[in-house]
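Starting from the given sequences, assemble the full structure and let the hints guide the process.
First to last, the sequence lines map onto chains A and B. For what it's worth, the numbering used here labels the leading residue of the first sequence as 1, then goes sequentially. For what it's worth, the numbering used here labels the leading residue of the second sequence as 1, then goes sequentially.
Read the hints as simulated data drawn from the structure, not as lab findings. Built from N, CA and C at the ideal position, the CB exists for glycine as well. Check each hint, because a few of them may be wrong.
[As the list claims (entries may be wrong)] Which bits of chain A does chain B cover? Going by a derived footprint, with three or more residues having C-beta under 8 Å, they are:
| id | region |
| --- | --- |
| 1 | 42 to 51 |
| 2 | 68 to 75 |
| 3 | 97 to 105 |
[To be verified] Pair ranges (Cβ atoms, derived):
| id | chain 1 | residue 1 | chain 2 | residue 2 | range |
| --- | --- | --- | --- | --- | --- |
| 4 | B | Lys171 | A | Val15 | 54 to 60 Å |
| 5 | A | Asp39 | B | Arg43 | 21 to 27 Å |
| 6 | A | Ile9 | B | Gly231 | 27 to 33 Å |
| 7 | B | Gly290 | A | Lys60 | 48 to 54 Å |
| 8 | B | Lys205 | A | Ala16 | 23 to 29 Å |
| 9 | A | Val11 | B | Ile5 | 40 to 46 Å |
| 10 | B | Gln4 | A | Val11 | 24 to 30 Å |
| 11 | A | Lys98 | B | Lys274 | 32 to 38 Å |
| 12 | A | His108 | B | Lys158 | 33 to 39 Å |
| 13 | A | Lys60 | B | Gln339 | 44 to 50 Å |
| 14 | B | Gln181 | A | Ile36 | 28 to 34 Å |
| 15 | B | Lys336 | A | Lys60 | 35 to 41 Å |
| 16 | A | Ala51 | B | Arg241 | 16 to 22 Å |
Residues per chain, in single letters:
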Amino acid sequence: MATQTITPISVGDVVAKAEEAKKSGHRLVQVGCTKIGDDFEILYVYDKDYALLSYRITVKADTIIPSITGVYWGAFVYENEIHDLYGLTVTGINIDFKGTFYKTAIKHPFSVTVTKEGDA
Amino acid sequence: MTKQITVPFGPQHPVLPEPLHLDLVLEDELVVDVIPTIGYVHRGLEKLVEKREFTEYVFIAERICGICSFIHAQTYVQGVEAIMGLDVPERAQYLRTIWGEYSRLHSHLLWLGLFADSMGFESVFMNAWRLREHILDDLEATTGGRVIHGVCKVGGVKRDITPEKLDEMLKGLKGMEHELQDLTNVFLHDSSLQHRLKGVGVLNKEDAYALGAVGPSARGSGLKIDIRETGYAALGKINFRPVVEHSGDSYARCAVRAKEMFTSIDIIEQCIKKIPDGPVDMKVTGAPDGEFLSRTEQPRGEVVHYIKGNGKKNLVRHRVRTPTFTNIPPLVKILKGCQLADVPVIVLSIDPCIGCAER
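Pasting the structure below:
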């Protein structure tokens, strides 16, 4: 099984860690968001030789998140997705769809947690 | 300065089975910029983890895509099993590997037919889909379903395959191999096809890596990225070498898919020869408490299922990064600088699966 490590970092370190990852020859695997209570966890995952290197930031709904598209050009798909599904603000995206990347009936559908009846 | 015009490509287009929209900025016939738009079939399937127990959710995971359905289910259950520390029976691991490679074969034959059809190569289209029927027949006979199989479960698989059926499957594949060789030879050595694809839509190795290309789109550019090398399921006990081409053009991406169908047959053959006797599932108690990034190699490349549980029956998060999603930035890159007439074949050369990408 390939190794996996997840390291918590601050929002201010996101771009620096992306630059570090790129310099050391990692490719961007994904950027994904998870809502935990009132907070949002964003996981930046990089790969080199099948070993995953992951950095996690934990943010509030009004936190401004810097884009890593200046380092990994293709990250715009993930950052637009996070904006459209969770309503978080990512600044400096190279191709910013401004909320039109996904067309959803409910605005920012993943920003609300649904609890099944009886599970509360 | 030449006047720029924007031509919409999709979401409805003869070569696109699924909706993808590209705004092509043209100077005469030259594409100078591309703005992609998806979101037409976003279903929010990941959100259903909040309403379905982790054992039931495998059915949702399998329905992310109608082509890579089995591998989505496999990736999901492997992630849950990793969090729970389950030691899945070896026979189940071999069966998963066999069905996974059958899925790759049926996907690549589907693509081959669609790609040939898009260029007017009707005989290849018909023969590719004729061969695909044999694969789907075996999938149906062994899992009960042609498209959605429903055999993967947390802790193993739901069905076994008898030794007699495994022998029959192997004979069928060996018989098909010769026909497949003829078909891919015709396809890859056709002068019109080579003229249409060679040097078209070039993605060099450095850009492929920097932009996050995966699967045949990466391997066609000389990158040896194949998650099967990590040895998930029974692949750690199987000898195989990923197919890599180096020219980075549309032809190279097609050649990778055509050649790796034979790799899949070889992997299935090794699995059938090595599969041990024993149970195909195990009892599962408790619920996942932890997180894991589960990865497998789908026909279009690396898929990532991020799974997070908190010890309750409903997961906290299931996030899927599909290969087509990460192949969109490389597609944008290779379309810039191409001729308008080449856009359809370049788009199909990455074998996009939009339903998968949007979940």
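Tested hints:
Coverage of a stretch by a chain is defined here by at least three residues with a beta carbon nearer than 8 Å to that chain's beta carbons; for the region 42 to 51 of chain A and chain B the count is 3, and the condition holds. Counting residues of the region 68 to 75 of chain A whose C-beta sits closer than 8 Å to any C-beta of chain B gives 3, which meets the bar of three, so the coverage hint holds. For the region 97 to 105 of chain A, the proposed coverage by chain B is satisfied: 6 residues have a C-beta within less than 8 Å of a C-beta in that chain, meeting the threshold of three. Between Lys171(B) and Val15(A) the Cβ separation comes to about 57 Å, which falls inside the hinted range of 54 to 60 Å.
Separated by about 26 Å at the C-beta atoms, Asp39(A) and Arg43(B) satisfy the suggested range of 21 to 27 Å. Against the hinted window of 27 to 33 Å, the Cβ-Cβ separation of Ile9(A) and Gly231(B) comes to about 30 Å, which satisfies the hint. Roughly 24 Å separates the CB atoms of Gly290(B) and Lys60(A), a value that falls outside the hinted 48 to 54 Å. Between Lys205(B) and Ala16(A) the beta carbon distance is about 27 Å. The supplied range of 23 to 29 Å therefore holds.
A hinted range of 40 to 46 Å holds for the C-beta pair Val11(A) and Ile5(B), which are about 41 Å apart. Between Gln4(B) and Val11(A), the C-beta spacing of about 38 Å breaks the proposed range 24 to 30 Å. Checked against the hint of 32 to 38 Å, the C-beta distance between Lys98(A) and Lys274(B) comes to roughly 54 Å, which is inconsistent with it. Take His108(A) and Lys158(B): their Cβ atoms lie about 37 Å apart, and the range 33 to 39 Å holds.
Restraint check, Lys60(A) to Gln339(B): a C-beta distance of roughly 48 Å satisfies the suggested window 44 to 50 Å. Taken as a hint, the range 28 to 34 Å is violated for the pair Gln181(B) and Ile36(A), whose Cβ atoms sit roughly 53 Å apart. Distance hint check for Lys336(B) and Lys60(A): the Cβ-Cβ separation is about 38 Å, which falls inside the suggested range of 35 to 41 Å. The hinted window of 16 to 22 Å between Ala51(A) and Arg241(B) holds, with their beta carbons roughly 21 Å apart.
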